[in-house]
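Colleague: The lines below spell out each chain.
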Amino acid sequence: MGIMWEGLVQGLSGVWVIARIVIPLMILLEIAGANRILERLNGIMARMFRWIGLTEEGAFPVVVAVFFGLSFGSGVIISHLDEGKVSPREVRIIGVFMALCHALVEDTAIFLAVGVPLFFLLVPRLAAAYLCCWGLHRFMVWRERREFQGKAVNG
Amino acid sequence: MALQVNSAMVRNGALKGIKVTLELGKIVVPTTIVVTVLRASGVLDAVAATCAPLMGLFGLSGDAALVLISGYFVNLYAATGSILALGLAPREITILAIMLGFAHSLLVEIAVSRRAGSPIPAILSLRLGASLCAGLIFGRML
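Going line by line, the protein sequences match chains A and B.
Using this note's numbering, read the first sequence as starting at 1 and increasing by one per residue.
Using this note's numbering, read the second sequence as starting at 1 and increasing by one per residue.
If you are wondering where the hints come from, they were derived from the structure by calculation, not from laboratory data.
Some hints could be false.
Derived SDA-like pairs: lysine to any residue, alpha-carbon spacing no greater than 25 angstroms straight-line [claimed, not checked]: (1) B/LYS19 x A/PHE67; (2) B/LYS19 x A/GLY53; (3) B/LYS26 x B/PRO119; (4) A/LYS85 x A/TRP51; (5) A/LYS85 x A/ALA46; (6) B/LYS19 x A/TRP134; (7) B/LYS19 x A/ALA46; (8) B/LYS19 x A/ILE23; (9) B/LYS16 x B/LYS26; (10) A/LYS85 x A/TRP134; (11) B/LYS26 x A/TRP5; (12) B/LYS26 x B/ARG11; (13) B/LYS19 x B/ALA2; (14) B/LYS16 x A/LEU25; (15) B/LYS16 x B/LEU3; (16) B/LYS19 x B/ARG39; (17) B/LYS19 x A/TRP51; (18) B/LYS19 x A/LEU12; (19) B/LYS26 x A/ILE21; (20) A/LYS151 x A/GLY53.
Just a sample of chain A residues kept apart from chain B, beta carbon distances all over 10 angstroms, derived [unchecked claim]: (21) GLU39; (22) MET48; (23) TRP142.
Keep in mind that this is a model prediction, so the values were computed, not measured.
Ideal placement from N, C-alpha and C gives every residue a C-beta, glycine not left out.
Use the sequences and the hints to build the structure in full.
Modeller: Next comes the structure, spelled out in structure tokens:
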């Protein structure tokens, strides 16, 4: 019984430490959302997304996933993709980005609370997601170009 | 460009934060209890001894396997519960956080990815591959 009590106390004090970081961060996220910070950053972000082959329509699900996560954001993401305004090649790039990098606010808050430096929580995920998507985009461009040339020669 | 702040935003944000805290509390607290019991009963030592060689590749102790397993299969809240109960060194917690950032809650999130048009084997190998590579790199660097 003493052991379970020890675990309970440890768990509850951990939750309290996390709450002190998660609640202020959620307030900041709410203020950022209400002030349309994302829309204001759109110009800068649009260019960065173009380098990995995403149009504005394709960038939207990625932004939702990065800020709100796959479970909170899944409804919005899936219905946006189901509307069919995003090309199949963009769906593949979005899939890779979302898989490696999402819920950057919540996931980061949890690990910040147990003492992990911010740099290690944000930079590896963003860099890996961006580089993988860039590589995939370049590969798909190269393949499309080769197919096109092949057709031109045979035709 | 001035930021607008009002009490409704603060209240909504605080409510969301409390909701997340309650959600994670429901998982973190039971996990810490289970892990504390596993540790006291010696079960954890047996698991740790088995996993030690593999975890050594990532610069982690055998205990850390429990954090990776709970993160991969359940979610980050369960992983955090295990971290709290195990009392790992900050360096190990950082390596685990980086590895788990790439791959976590796989059962639920792979289903979401699939629904969003990505095939399961591709996304699963991408995420686990990134997680293990990050472990190899940061396990040596840190």
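Colleague: Now look at each hint and say whether the structure bears it out.
Modeller: Hint-by-hint comparison with the structure:
no., hint, verdict
1, B/LYS19 x A/PHE67, "holds (17 angstroms)"
2, B/LYS19 x A/GLY53, "violated (36 angstroms)"
3, B/LYS26 x B/PRO119, "violated (32 angstroms)"
4, A/LYS85 x A/TRP51, "holds (19 angstroms)"
5, A/LYS85 x A/ALA46, "holds (17 angstroms)"
6, B/LYS19 x A/TRP134, "violated (36 angstroms)"
7, B/LYS19 x A/ALA46, "violated (32 angstroms)"
8, B/LYS19 x A/ILE23, "holds (9 angstroms)"
9, B/LYS16 x B/LYS26, "holds (16 angstroms)"
10, A/LYS85 x A/TRP134, "holds (21 angstroms)"
11, B/LYS26 x A/TRP5, "holds (16 angstroms)"
12, B/LYS26 x B/ARG11, "holds (23 angstroms)"
13, B/LYS19 x B/ALA2, "violated (29 angstroms)"
14, B/LYS16 x A/LEU25, "holds (10 angstroms)"
15, B/LYS16 x B/LEU3, "holds (20 angstroms)"
16, B/LYS19 x B/ARG39, "violated (30 angstroms)"
17, B/LYS19 x A/TRP51, "violated (37 angstroms)"
18, B/LYS19 x A/LEU12, "holds (16 angstroms)"
19, B/LYS26 x A/ILE21, "holds (17 angstroms)"
20, A/LYS151 x A/GLY53, "holds (23 angstroms)"
21, GLU39, "holds (12 angstroms)"
22, MET48, "holds (20 angstroms)"
23, TRP142, "holds (19 angstroms)"
Of the numbered hints given earlier, the model fails hints 2, 3, 6, 7, 13, 16 and 17; all others are met.
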